[in-house]
Amino acid sequence: MNAVVTVRIAMRALQRNKGRSLLTALGIIIGIAAVIAVVGVGQGASVSMKDQISTMGSNLVMVFPGSQRTGGFRGGSGTQQTLTAEDGDAILKDCPYVAAMSPIVRTGAQIVYRENDWATSIQGIGTGYLPVRSWDLASGEPFTENDMHTGVRVCILGQTVVDQLFADDDPVGKMVRIRNMSFRVIGVLTRKGSAAFGQDQDDTILVPWTTTRRVLQNSPFNNVNQLLIGLTSMDTLAQAREDIAGILRQRHRLAPGAEDDFTVIDMTEITQTITKVSSLMTVLLAVIASISLVVGGIGIMNIMLVSVTERTREIGLRMAVGARRRDILLQFLVEAVALAGAGGILGIVLGIGAALTVAQVNHWPVLISPGSVLLALSFSAGVGVFFGFYPAWRAARLSPIESLRHE
Amino acid sequence: MLIELRHISKTYRVGEIDIPALRDVTISIERGGFLAIMGASGSGKSTLLNVLGCLDRPTGGEYRLDGEEVGRLSSDALARVRNRKMGFVFQNFNLLTRTSALENVELPLYYGIPCTREERRRKALALLDRVGLSDRIDHHPSQLSGGQQQRVAIARALVNDPPLILADEPTGNLDSRAGADIMRIFKELNDEGITLIMVTHEPDIAACAKRTIHMRDGEVT
Ligand SMILES: Nc1ncnc2c1ncn2[C@@H]1O[C@H](COP(=O)(O)OP(=O)(O)OP(=O)(O)O)[C@@H](O)[C@H]1O
Ligand SMILES: [Mg+2]
Chain A
1 MNAVVTVRIA
11 MRALQRNKGR
21 SLLTALGIII
31 GIAAVIAVVG
41 VGQGASVSMK
51 DQISTMGSNL
61 VMVFPGSQRT
71 GGFRGGSGTQ
81 QTLTAEDGDA
91 ILKDCPYVAA
101 MSPIVRTGAQ
111 IVYRENDWAT
121 SIQGIGTGYL
131 PVRSWDLASG
141 EPFTENDMHT
151 GVRVCILGQT
161 VVDQLFADDD
171 PVGKMVRIRN
181 MSFRVIGVLT
191 RKGSAAFGQD
201 QDDTILVPWT
211 TTRRVLQNSP
221 FNNVNQLLIG
231 LTSMDTLAQA
241 REDIAGILRQ
251 RHRLAPGAED
261 DFTVIDMTEI
271 TQTITKVSSL
281 MTVLLAVIAS
291 ISLVVGGIGI
301 MNIMLVSVTE
311 RTREIGLRMA
321 VGARRRDILL
331 QFLVEAVALA
341 GAGGILGIVL
351 GIGAALTVAQ
361 VNHWPVLISP
371 GSVLLALSFS
381 AGVGVFFGFY
391 PAWRAARLSP
401 IESLRHE
Chain B
408 MLIELRHISK
418 TYRVGEIDIP
428 ALRDVTISIE
438 RGGFLAIMGA
448 SGSGKSTLLN
458 VLGCLDRPTG
468 GEYRLDGEEV
478 GRLSSDALAR
488 VRNRKMGFVF
498 QNFNLLTRTS
508 ALENVELPLY
518 YGIPCTREER
528 RRKALALLDR
538 VGLSDRIDHH
548 PSQLSGGQQQ
558 RVAIARALVN
568 DPPLILADEP
578 TGNLDSRAGA
588 DIMRIFKELN
598 DEGITLIMVT
608 HEPDIAACAK
618 RTIHMRDGEV
628 T
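Chains as they are written, first to last, in this note's numbering: chain A, 1 to 407; chain B, 408 to 628.
These are calculated hints, taken from the structure and not from any lab test.
We put the beta carbon where it would ideally sit given N, CA and C, even for glycine.
Keep in mind that the hints are not guaranteed to be accurate.
[What the hints assert, rightly or not] The calculated label-pair distances, taken between Cβ atoms and stated as ranges, are:
(1) B/Arg-591 to A/Val-349: 51 to 59 Å
(2) B/Glu-626 to A/Arg-326: 35 to 43 Å
(3) A/Arg-397 to B/Thr-504: 20 to 28 Å
(4) A/Asn-2 to B/Ser-549: 47 to 55 Å
(5) A/Lys-18 to B/Ile-426: 38 to 46 Å
(6) B/Val-421 to A/Arg-326: 26 to 34 Å
(7) A/Val-349 to B/Arg-537: 43 to 51 Å
(8) A/Glu-407 to B/Arg-584: 24 to 32 Å
(9) B/Glu-626 to A/Arg-397: 27 to 35 Å
(10) A/Arg-326 to B/Ser-549: 27 to 35 Å
[Stated by the list, open to error] Some chain A residues judged to face chain B by a derived CB distance under 7 Å, without partners named:
(11) Val-5
(12) Val-7
(13) Pro-400
Chain B with its partners taken away, still in its complex shape (with noise of 0.2 Å):
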C-alpha cells in the first residue's frame, strides 16, 4: 500500500467552536492507484488531500505514507516528502505570476536533489513537451489559457518523478473541452504507474478514476 490512513480526523477551532472538518477517515490507497474524492461542498474533502498532502497535520490517527509514518516527521522533513514524493495540481493553477513557463516547471527542482542548469532545463523542457506545450515555453501564466496554465502545474507536479498526483478539483476552473484534455493526461499517467488522487464534484470526471470514495460531514460512507 502507497498510503494508510486510520482513524485521522481534524478539528479546526473557530473561536470557542471545534468543527470537526475529518472524523475518523480510514482509508488506503494502493500504488497505481486511480481515486477520486466527491462529496458536497464543506464535506472535508480538500482537508482529506491536503492531510494526504502533508500540507496540513492531522489532529488525530495515523498516517503512513510508503511505510513511513508520517505524523512524527519534522516540518523540514515533510518539506522533502512533498518534493520528492507529490506533486500538487491545483484549482487555481498556483503558477508564479511573472514568471515564464519553463521557470514554473523547473520550481521544485531548486528544492530538490542538486542538479545543474541544464540538467532542470532538459527536465522541464521534456515535460512541457509532454504536455504539449513546447511551443509556450517562455509564455508567462497571464499570457496562457486556463487548459494550458493547468498543464503546466502538472508538467510542475511532475518534474521530480514523484510516485503520487494530489489534485483538488483540477477541471473546476475549466472548460469541458480543457478539463478532458486534463484527464486524458491524468489516464496516461496512471497508466505509467502513477498514483493519482483527484477531488472533484463532476460525475463524468471522477467516472475517469478507477474508484470513487464518497464523503459527507468529514466521514468517508
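The following block holds chain A by itself, in its conformation from the complex (with noise of 0.2 Å):
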C-alpha cells in the first residue's frame, strides 16, 4: 500500500468525523499556539532589549549607589547617598578610558502646555549624556556646561510628550510647567522608538541634572541615581572598571577589604542577563509544551483506540482483503499523526495570529522564526507517532475474523 494511498484515507477518516477530530486536537492545538504565541513575543522582546542595547552605545559602563549583595540598586535606585556627581567628575579626570560621563537623577511630573497635560518621567543628565547613548536632537539647542553650573529651567522634550503636548505647534522656544514651575523648551529629542515590553523611550524629558535636584526636587545635596559612563573602547573595559572602582573606593574612602559601597555594571553584564532569562523563559516554555502535547497526545490515544473499536468491522474486512498487520498499523499511525500534525498546524496559525494580536494591540515586538514553528510542527507529529502508536498496534494485533464477527 502506498504512502500517498495511506495518506488519504486517513485524511478521509478524519474528515468523517471532523468535529470529533476537531475537539482531540485541541489539546495539541491549545498547546502549540500559547508555545507559538509566547516563543514569538519572548523571542522579539529579547531581540529587541538587544537591538536597543546596542543603541544605547556599546561602549556602556553605569555605576550605580549601594553594593550589589546588599541589593542596594535593585532596591531602588538612589536610596543611599553615596554616589556624587564629584564622583563622576573624578572619573572623567582620572581614567584614560573613559571618554565622557553623565550623572543621572531620576523622577517624575506632570508637565503642562497651555490646557494639555501629561504624566512622565524626567530625567536629570549632564552634558555628556547625549553623546554617551548617541542620542541626537532633532531641533534645538542641547545643554551648556552653564546650564548645569547656574541650574536654570531649561528643558529637552522626548518625541512622545511633544506629541501629547503640542499639536502643531514647535515647541522650541515654548514655555511649558513642571511642577508649576516654567521650563522653556531648548530642544526636542528624535525618536528612540519603543524599547522591548512595550516601555517608550520617547516619553521622556531631560532637565540638567542640577535643575532637577536644586528645583524639582528642592535637595542641596549632589547625589545622583546612576553616573552613566562611556569608554573610549570596549577593548580596555576590564582596566577601566578597575579604575573606576578604584577612584570610587578611595574618594570614599573605603577600608581595604571593606565591601564597595556601589555597583559598576556594563552592557556585557546586562547582555549576559537578559540571555540567562530568556533561556530561562525557554526552559519554562517547554516545560509548558510538553505537558500539554502529553495532555494533547493522551487524548489522541484516547480517541483512536475508540476509533480502532469502532472500526473493528473495517479491519476485520481490510484484513480479509489482504491488508497485513503492517498495513493496519500504518493505516491507524497515519491517522494518529495527520490528526496531531493538523492540530499543530492549527496551532501555529493560530499562536501566529495572537502574536500579532499582541503586537499589535500592545506594540511589543514579535518574531516568529521558522525554526520555532518547524519545531513546533514536528513536536506535534512526535506526539502523533507516540500516542498513535499504542492503538495502532491493537488494531494490528486484531484477529481478521474475529474483528469480521465484531458487532
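Using the hints, build the complex out of the two chains.
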C-alpha cells in the first residue's frame, strides 16, 4: 500500500468525524498555539532588547549607588547617598579610558502646556548624556556646561511628550510648566522608538541634573541615581572597571577589604542577564509545551482507541482482502499523526495570530522564527507517532475472523 | 486439486469447555469446482469456510491450497494468499460504510500488486459494469439495495482475479429474486473457470452448485 493512498485514507477517516477530530486535536492546538505565541513575543522582546542595548551605545558602563550584595541598586536607585556627581567628574578626569560621563537623577512629574497635560518621567542629566547614548536632537540646542552650573529651568522633550502636548506648534522656545514651575523648551529629541515590553523611550523629559536636584527635588545634595559612563573602547573594559572602582573606593574612603558601596555594570553583563532570563523562559516554555503536548497526546490516544473499536469490522474486512498487520498499523498511525499534525498546523496559525494581535495591541515586538514553527510541527507529529502507536498496534494485532464477527 | 483438506479439526475453547467446531474434515475440491456446503445451524459450515479462506487457523490437520501447505505460513503470507488467491462474499455484505461502490471494489487493489490510480479505476469500473451497477458507482452502501450491495461485494471479490471465491450464505439476507441474480452471476463465474465454495441453508440455492456436502456436528457426512 503506497504512502499517498495511506495518507488519503487517513485524511478521509478524519474528515468523516470532523467535530470529533477537531475536539481531539484541541489539546495540541492550544498547546502549540500558546508556545508559538509566547516564544514569538519572548524572542521579539529579547531581540529588541539586545537591539536597544546596542543603540544605547555599546561602550556603556553604569555605576549605581549601593553594593550589589545588599541589593542597593535593585532596592531602588538613589536610596543611598553614596554616589555623587563629583565622583563622576573624578572618574572622567582620572581614568584615561573614559570618554564621557553623565550623572542621572530620576524623578517623575506632570508637565503642562496650555490646556494639555501629561505625566512622564524626568531625567536630570549632564552634558555627556546625549553623546554617550548617541541620541541626537531633532531640533533646538543641547544643554551647555553653563546650564549645569546655574541650574537654569530649561528642558529637552522626547517625541512622545511633544506628541501629547503640542499639536502643530514647534515646541522649541515655548514655556511649559513642570510641578508648577516654568521651564523653557530648548530642544526636542529624535525618536528612539519603543523598547522591549512596550517601554517607551521617547516618553521622557531631559532637564539639567542640577536643576532637577535643586529646583524639582529641592535638595542641596549632589548625590545621583546613576553615573552613565562612555568608554573610549570596549577593549579596555577591564582596566576601566578597575580604575572606576579604585577611584570610587578612594573617594569614599573605603578601608581595604570593605565592601564596595557602589555597583558597576557594563553592557556585557546586561546582555548576559537577558540571555539568562530568556533561556530560563525557554526552559519554562518547554515544560509548559511538553505538558500540553502530553495532555493532547493522551486525548489522541483515547480517541484512536475508540476509533479502533468502532472500526473493528472495517479492520477485519481490510485484513480479509489482504491487508497485512503493518498496513493496518500504518493506517492508524498515519491517522494519529495527521490528527496531531493538523492540530499542530492549526495551533501554529492560531499562535502566530495571537502573537500578532498582542504585537498590535501592546506595541510589543514579535519574532516568529521558522525554527520554532518547524520544531512545533515536528513535535506535534512526534506526539502523533508516540500516542498513536499503541492504538495502531492494538488494531494490527486483531485477528481477521474475530474482527469480522465483531458487533 | 485446488484445495486438499486432510484431517482438519478446529476446537474452540470457551472457559473450561472445549467446543469441537470441526472434526477430522477431509475433502478435496478440484479447480473449476462449485461446492455448496449445507447443514444445520452450528454444524461448523462457517468455521470450515473461514479455515478455507485462511481467516482462521485450524487446530489440527493439513490444508494444501494450490499445492502450498497453508498451515506453515506467517500471517503476512496468509494476507497475501487472501489477497491474490481468493475473494470473499459475506452474508452481511461487509462493505465500507460512507464509501462509494467504486472505492469499495478498489479496496483489495490497495493491498495487492502496486498499480496506478487509473488501473484501479479501470478494473473496478469493468467489474461494476459486469455485475450491472455501472450507474451506481458513486453510491454509498446505504444508498443501495441489499442485492445491489451484494453485487458490489462480488465485484470486490473479483477485482484481483482470484481463482477461488468463498461465499458464506451470500443470499441469506436477500429475497429470492435478488438471490437468483447472485446465483446467475456465480454460475457465469464458474463457467469462466473460477472455483466457488458457498455455504447455504436453501436447497434451491445449493442446487446451482455442481456438488453439495452436508455437515453435522463438525463432520462432513
Ligand atoms: N469464536 C467462537 N468461540 C467459540 N465457539 C465458536 C466460535 N465460533 C463458532 N463457535 C462454535 O462452533 C460451532 C460451529 O459454528 P459455525 O459458525 O461454524 O456454525 P454454522 O454451521 O456456520 O452455523 P450457522 O448456519 O448458524 O451459521 C458452533 O457450535 C459455535 O457455537
Ligand atoms: Mg455460519
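Hints, verified against the model:
no. : hint                               : in the structure
1   : B/Arg-591 to A/Val-349: 51 to 59 Å : holds (57 Å)
2   : B/Glu-626 to A/Arg-326: 35 to 43 Å : holds (38 Å)
3   : A/Arg-397 to B/Thr-504: 20 to 28 Å : holds (23 Å)
4   : A/Asn-2 to B/Ser-549: 47 to 55 Å   : violated (29 Å)
5   : A/Lys-18 to B/Ile-426: 38 to 46 Å  : holds (44 Å)
6   : B/Val-421 to A/Arg-326: 26 to 34 Å : holds (31 Å)
7   : A/Val-349 to B/Arg-537: 43 to 51 Å : holds (48 Å)
8   : A/Glu-407 to B/Arg-584: 24 to 32 Å : holds (29 Å)
9   : B/Glu-626 to A/Arg-397: 27 to 35 Å : holds (33 Å)
10  : A/Arg-326 to B/Ser-549: 27 to 35 Å : holds (31 Å)
11  : Val-5                              : holds (6 Å)
12  : Val-7                              : violated (12 Å)
13  : Pro-400                            : holds (5 Å)
Checked against the numbered hints above, the structure violates hints 4, 12; every other hint is satisfied.
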